[in-house]
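Undergrad: Spelled out from the first residue to the last, the chains are:
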Amino acid sequence: MTDNQSRSRQTAAPRVDVYENEKEILLVADLPGVSKDALTIQAEGDTLTLEARRSDPATGTALFQESPPRDFSRSFGISPRIDRDRIEAKLEDGVLYLHLPKHPALTPRKIPVRVG
Amino acid sequence: MFGYRNDFDRTLAIMDQLRRRMDRVFDDVDRSGAPEPATGGVPPVNFHDTGNALVLQADLPGVREADLDISLEKDVLTLAGQRKSDVPEGYAAYRQERAPFRFSRSFALPVKVDPEKTSAVLQDGVLTVTLEKAPEVKPRQIAVAVR
Chain A
210 MTDNQSRSRQ TAAPRVDVYE NEKEILLVAD LPGVSKDALT IQAEGDTLTL
260 EARRSDPATG TALFQESPPR DFSRSFGISP RIDRDRIEAK LEDGVLYLHL
310 PKHPALTPRK IPVRVG
Chain B
598 MFGYRNDFDR TLAIMDQLRR RMDRVFDDVD RSGAPEPATG GVPPVNFHDT
648 GNALVLQADL PGVREADLDI SLEKDVLTLA GQRKSDVPEG YAAYRQERAP
698 FRFSRSFALP VKVDPEKTSA VLQDGVLTVT LEKAPEVKPR QIAVAVR
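First to last, the sequence lines map onto chains A and B. If you're matching positions, the first sequence starts at 210 in our numbering and goes up one per residue. If you're matching positions, the second sequence starts at 598 in our numbering and goes up one per residue.
In short, the hints are calculated from the structure, not lab data. The structure presented is a predicted model; accordingly, all values stated were derived computationally and were not measured. Note that the Cβ used here is the ideal one computed from N, Cα and C, for glycine as well. Be a bit skeptical, because a hint or two may be false.
30 Å max Cα-Cα, derived BS3-like pairs, lysine-lysine [said to hold, decoys possible]:
id: 1; chain 1: A; residue 1: 232; chain 2: A; residue 2: 299
id: 2; chain 1: A; residue 1: 232; chain 2: B; residue 2: 681
id: 3; chain 1: A; residue 1: 311; chain 2: A; residue 2: 245
id: 4; chain 1: A; residue 1: 299; chain 2: B; residue 2: 681
id: 5; chain 1: B; residue 1: 681; chain 2: A; residue 2: 245
id: 6; chain 1: A; residue 1: 311; chain 2: B; residue 2: 714
Distance windows between CB atoms, simulated [said to hold, decoys possible]:
id: 7; chain 1: B; residue 1: 673; chain 2: A; residue 2: 313; range: 54 to 60 Å
id: 8; chain 1: A; residue 1: 322; chain 2: B; residue 2: 696; range: 41 to 47 Å
id: 9; chain 1: B; residue 1: 647; chain 2: A; residue 2: 255; range: 42 to 48 Å
id: 10; chain 1: A; residue 1: 279; chain 2: B; residue 2: 687; range: 21 to 27 Å
id: 11; chain 1: A; residue 1: 219; chain 2: B; residue 2: 685; range: 26 to 32 Å
id: 12; chain 1: B; residue 1: 717; chain 2: A; residue 2: 312; range: 33 to 39 Å
id: 13; chain 1: A; residue 1: 295; chain 2: B; residue 2: 686; range: 19 to 25 Å
id: 14; chain 1: A; residue 1: 230; chain 2: B; residue 2: 717; range: 35 to 41 Å
id: 15; chain 1: A; residue 1: 230; chain 2: B; residue 2: 732; range: 25 to 31 Å
Please build the complete structure, drawing on both the sequences and the hints.
TA: Written out as structure tokens, the structure is:
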């Protein structure tokens, strides 16, 4: 991407859902117009960053435009409890499903209590 | 200070703890750029005239082909569809900015199109409908005679 292109495009934070169960955090993000190759997911230190480049809209004379050309970017803080080596991403119909597993040692365990 | 006296109170206390813990597990630190505007369930659409065709593009992340209905009647194009709830089972929702939606939008086409030459493609959550213009309204190249 040249400087010129990056300047002319806006960047928007995609809408996300965040879910959690005992094993993982599941992040779901709307990324319409983003193909697998145009998506970068990075976990560095305590920050998780999504960056995606949208495919360009049709050329020609715009009769109206509600979805301007733009790219997506959003960052999240993640704790050391997330196992970075096992993060998995799936992109389907313009929706990203990002599975962030917790370290197995940190998933809740039942601790038996003896009566003394 | 009163303790939690019954199971119901205890459940609430656990949920409270879970929420506090999640806040630390996962937080936005930086929203680079403006957040996506709320559309109230109406998918945003771009409409272009490319000369030979009209091209409509709609952002429909998470909408499946089976849940989409496109029709052309005279000079009106109608898109209808829905995105069903995709909340996973067995998870606690911590943040929900995405929502299921149902929509129907109609567009009066500014020129006559050829109903036999239309196509619709749903890819990466974007629907592209291409409507080729009727021959009589297509732009024509006019040769300039040089004397």
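Undergrad: A separate judgement is required for each hint: does it hold in the structure or not?
TA: To see whether the hints hold, each was checked on the structure:
1. A threshold of 30 Å between alpha carbons decides the hint, and for residue 232 of chain A with residue 299 of chain A the separation of about 18 Å falls inside it, so the pair holds.
2. A threshold of 30 Å between alpha carbons decides the hint, and for residue 232 of chain A with residue 681 of chain B the separation of about 25 Å falls inside it, so the pair holds.
3. Taking the CA atoms of residue 311 of chain A and residue 245 of chain A, the gap is about 25 Å. The hint holds against a cut of 30 Å.
4. This hinted pair checks out: residue 299 of chain A and residue 681 of chain B have alpha carbons roughly 19 Å apart, not beyond 30 Å.
5. Only pairs whose Cα atoms come within 30 Å are accepted, and residue 681 of chain B paired with residue 245 of chain A is accepted, the gap being roughly 23 Å.
6. For the hint linking residue 311 of chain A to residue 714 of chain B, the alpha-carbon distance of about 52 Å lies beyond 30 Å, and the restraint is violated.
7. The hint said 54 to 60 Å for the Cβ distance between residue 673 of chain B and residue 313 of chain A, and at roughly 57 Å that hint holds.
8. In this structure the supplied range 41 to 47 Å holds for residue 322 of chain A paired with residue 696 of chain B, their Cβ-Cβ distance being about 43 Å.
9. Look at residue 647 of chain B against residue 255 of chain A: about 47 Å separates their beta carbons, and that is inside 42 to 48 Å.
10. Between residue 279 of chain A and residue 687 of chain B the C-beta distance comes to about 34 Å, which lies outside the given range of 21 to 27 Å.
11. Evaluation of the 26 to 32 Å hint for residue 219 of chain A and residue 685 of chain B yields a pass: the beta carbon distance comes to about 31 Å.
12. Separation of residue 717 of chain B from residue 312 of chain A is about 46 Å and departs from the stated range, judged on CB atoms against 33 to 39 Å.
13. For the hinted restraint 19 to 25 Å between residue 295 of chain A and residue 686 of chain B, the CB-CB distance of approximately 21 Å keeps it satisfied.
14. At about 37 Å, the CB distance of residue 230 of chain A to residue 717 of chain B agrees with the hint of 35 to 41 Å.
15. For residue 230 of chain A paired with residue 732 of chain B, a C-beta distance near 58 Å fails the hint of 25 to 31 Å.
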